[in-house]
Amino acid sequence: MDYLPLSDNAVRQLIDSTTIFDEFRRVQAQARQYVGGMYWKTQGDFEYLVKTQPDNRQQRVGPRSATTEKTYREFTIRKHELESRLRSLREALTEAERLNKALKVGRVPGTVVAVLKALEDAGLGQHFTVVGTHALYAYETAAGVRIVQGALATQDVDLLWDARARVRFVTDLERLDTSILGVLQQADRSFERKEGHHETAINAKGFEVDFLRRQPEGDDPHPFRFSDDEGDLWPVQAVRASVLTNAPRFQHVVVSATGRMTLMRTIAPVSFVEFKRWMAKKAPHRAEAKRRRDLLQAGIVQRLIDNGLLLAQ
47 MDYLPLSDNA VRQLIDSTTI FDEFRRVQAQ ARQYVGGMYW KTQGDFEYLV KTQPDNRQQR
107 VGPRSATTEK TYREFTIRKH ELESRLRSLR EALTEAERLN KALKVGRVPG TVVAVLKALE
167 DAGLGQHFTV VGTHALYAYE TAAGVRIVQG ALATQDVDLL WDARARVRFV TDLERLDTSI
227 LGVLQQADRS FERKEGHHET AINAKGFEVD FLRRQPEGDD PHPFRFSDDE GDLWPVQAVR
287 ASVLTNAPRF QHVVVSATGR MTLMRTIAPV SFVEFKRWMA KKAPHRAEAK RRRDLLQAGI
347 VQRLIDNGLL LAQ
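Numbers in the working numbering are just positions in the sequence shown, counted from 1, shifted up by 46.
Hints listed in this document are in silico derivations from the structure and should not be mistaken for laboratory results. Some hints could be false.
[Unchecked claim] Below, in silico cross-link-like pairs of lysine to any residue (SDA-like), each with a Cα-Cα straight-line distance of 20 Å or less:
#  : residue 1 : residue 2
1  : Lys87     : Glu69
2  : Lys116    : Leu128
3  : Lys97     : Leu128
4  : Lys336    : Arg323
5  : Lys163    : Thr224
6  : Lys125    : Glu69
7  : Lys336    : Arg286
8  : Lys150    : Thr304
9  : Lys336    : Gly354
10 : Lys125    : Lys163
11 : Lys87     : Ala112
12 : Lys336    : Gln201
13 : Lys328    : Trp280
14 : Lys163    : Arg133
15 : Lys150    : Arg133
16 : Lys251    : Gln201
17 : Lys125    : Glu141
Start from the sequences, fold in the hints, and give me the full structure.
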């Protein structure tokens, strides 16, 4: 068998923990709109409502009036409600992750979960897509199965950067005042740029994160460094990456062996099958062992689709 079903207990726990995780993400996204605070500031004979940001930047909303008093009141009440709900959900999430570990719900490498979580927490998750072998973790979780280990073993994860949303990406990263390497170091402080491979970050255990991009099209910058930081990473052009860039997307919660959860954004299963079959049969300079594994992975995902365990899109 290429895959085995999860136990009934593990499936139930996955469903429950996913519900909690999804609600936590929803409320967390709402709470981001209420970061910082508001206060009244007196200036001469006038009093103004001021909005503060976590980095201490301030914005004057307007002079005191019925309108700004309503704004202040609604902001304060809603911020308190969301913070209270987040605290409750965070406790529920901690308990769900404990049960995930106890019931062996997941097995995604902890470093992969930590990296994806760091990108999501930074608000950059939508700019990167997991491509290659690690996409199988999203597919098997969605299908409620365990794929054979031989199809999964790898010491690196490939992240495809979407050059189509370059302007928004640059804006999002500048808002954080950091680099992509800095974001990865939030997941694991030992990550550094690999010598001679500016597209790759490697940690102290030899796990690599490779950043890919499509061949330049239109006004795509080339070459492109993620930030102005000289030590940051440069996504490298990859074979048929334009096909992956344009492929329909698939996302699902994934779980590490320690129970931690995050969202994995990858390509639709049908696109994965098509790409892996192309890699196995037509990719130039592809090692024979990798071609065999490409066919194995494509076959497993296709059978999950054919057996109704995994939606094609």
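Cross-check of the supplied hints:
Of the supplied pair hints, the one linking Lys87 and Glu69 is violated, its CA atoms being roughly 36 Å apart against a limit of 20 Å. Of the supplied pair hints, the one linking Lys116 and Leu128 holds, its CA atoms being roughly 18 Å apart against a limit of 20 Å. With a C-alpha separation of about 18 Å, the suggested pairing of Lys97 with Leu128 holds against the 20 Å cut-off. About 11 Å separates the Cα atoms of Lys336 and Arg323, which keeps this hinted pair within 20 Å; it holds.
A threshold of 20 Å between alpha carbons decides the hint, and for Lys163 with Thr224 the separation of about 16 Å falls inside it, so the pair holds. Taking the CA atoms of Lys125 and Glu69, the gap is about 17 Å. The hint holds against a cut of 20 Å. Note on Lys336 and Arg286: the hinted pairing holds, with a Cα-Cα distance of about 17 Å set against a maximum of 20 Å. Restraint check: the Cα-Cα separation between Lys150 and Thr304 comes to about 8 Å, which is no more than 20 Å; the hinted pair holds.
Restraint check for Lys336 and Gly354: the C-alpha separation of about 27 Å exceeds 20 Å, so the hint is violated. Annotation: proposed proximity of Lys125 to Lys163 is violated, straight-line Cα distance about 24 Å (limit 20 Å). The suggested pairing of Lys87 with Ala112 holds, with an alpha-carbon distance near 16 Å, which does not exceed 20 Å. For the hint linking Lys336 to Gln201, the alpha-carbon distance of about 14 Å falls within 20 Å, and the restraint holds.
Restraint check for Lys328 and Trp280: not satisfied, since their Cα atoms lie roughly 27 Å apart, outside the 20 Å limit. Taking the CA atoms of Lys163 and Arg133, the gap is near 19 Å; set against the 20 Å cutoff, the hint holds. A threshold of 20 Å between alpha carbons decides the hint, and for Lys150 with Arg133 the separation of about 26 Å lies outside it, so the pair is violated. Of the pairs offered as hints, the one joining Lys251 and Gln201 holds, with about 10 Å between alpha carbons and a cut-off of 20 Å not exceeded.
This hinted pair does not check out: Lys125 and Glu141 have alpha carbons roughly 25 Å apart, beyond 20 Å.
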